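**Q** Going down the list, the protein sequences come from chains A and B. Using the working numbering, the first residue of the first sequence is number 1, and each one after it goes up by one. Using the working numbering, the first residue of the second sequence is number 1, and each one after it goes up by one.
Be a bit skeptical, because a hint or two may be false.
Unchecked claim - Reference listing, derived: stretches of chain A covered by chain B, where coverage requires no fewer than 3 residues with Cβ under 8 Å from a Cβ of chain B:
| no. | stretch |
| --- | --- |
| 1 | 29 to 38 |
| 2 | 44 to 56 |
| 3 | 62 to 74 |
To be verified - Okay, the calculated bits of chain A under chain B, using three or more residues with CB under 8 Å as the criterion:
| no. | stretch |
| --- | --- |
| 4 | 10 to 24 |
| 5 | 79 to 85 |
Hints are computed from structural coordinates only; laboratory data are not their basis. Only a predicted model underlies this, so the values are computations on that prediction, with no experimental measurement involved. The beta carbon of each residue, even a glycine, is placed where N, CA and C say it ideally should be.
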Amino acid sequence: MKLMILVICMALVTYIPRMLPLVGLRRMNLSPRLASFLRYVPIAALSSLIFPSIMYSTGNIQSALAGSVVAAILAVMRLNIMVVVLGAIMAVLMWQYVGNSSYIVTGLLFFIP
Amino acid sequence: MYSLNSSPPLKKSSHRQEFVNGLNSALPICLGYIPVAVTFAIISQTQGIPNFIIILMSVLVFAGASQFAAVGMLSTGSIMSEIILATFVLNLRHLIFSASLSRRLEKDLGSVWAALIAFGVTDESFATASLQACDILPRYYLIGLNFAAYAAWVGGTGAGLFLSTLLPQLIKNSLGIALYALFIGLLIPAVRISRPAGTVMVLALATSSILFWVPGLNTIPTGWRIILSTTLTAGFGALAFPVERGEQL
């Protein structure tokens, strides 16, 4: 029972900040400055979410770095997002399995159309 | 179904098509969510949390990092108010995400729709939706996107409850990069054509790193770090490179 109340409170403090701006700001006219700020939020937030947390996402900084580099290269090549994600996973897997960078290169060649 | 090239910008189309577009956009999110949700369920079980509470948390809260934090804090004997406060701080960034997303909704969208879409705002769904090339995001697209991500999260939690053996650690580690690779795959196409966006990205990477590593600042909890870094650098972008209404970044 105590845990259920906890979960419900967690749900409320999570949902309310998600909901208020979407319901309230929708049709409001914002100043150009604030509107510009909100346009830059996706880029700023994604960058802040990625780094440095990505370095600790696999339990091994080297393999995380390998996965990041492969993801970045595939993304620069404008490949489909699923290719980027699967490529990064494979890069980490190969790095951890083999512990050798040459296999990453092989993996990359596999994705070049 | 998937071409190797980036998908074209969303076109104006039927509700059904928009919903399907949303489901398709959620595919990489699902790939990232399922192993995390499975892990969440397994860790929570090992901490002695009842199955019913574990699944209820995924159903009602739907915010990965704070769910892990709550389980960790429960096991170290934190009191309820501390856990609720930590959840609030950790998820407060969604306030800014929702504010940003609110500018991209259909103009005639009712409050009930907006409130429904709001439930599914996560880092990943926000990233995917907000970096779509079109200016206005159709409601059925957002519902499809959020629904698929939610189903993967709740489904993954449910599956985790019944998986008595762990995924091999090697596979789990490799999947840890999935959501970050998704972010990279969304971010890079958005910044490569725009100098202002590129500048904001570099500044945000730097600010986030400073807050993470510099002694004294590195005690700032993750939730505040993301909020601070996002606000400061998006604010800089707005001052240095104002965007006109309807103009692409």
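**Q** All hints, please: hold or fail.
**A** Tested hints:
With a cut-off of 8 Å between beta carbons, the stretch 29 to 38 of chain A has 8 residues touching chain B; three or more are needed, and the interface restraint holds. Coverage of the stretch 44 to 56 of chain A by chain B holds. Counting CB-CB distances below 8 Å, 11 residues qualify, and the rule asks for three or more. Judged by the Cβ-Cβ criterion of 8 Å, the stretch 62 to 74 of chain A is covered by chain B as claimed, because 7 of its residues qualify and three suffice. Requiring three or more residues with a Cβ within less than 8 Å of a Cβ of chain B, the coverage given for the stretch 10 to 24 of chain A holds, as 13 such residues are present.
Under a criterion of three residues with beta carbons nearer than 8 Å to beta carbons of chain B, the stated coverage of the stretch 79 to 85 of chain A is upheld, 7 such residues being counted.
Of the numbered hints listed earlier, not one is contradicted by the structure.
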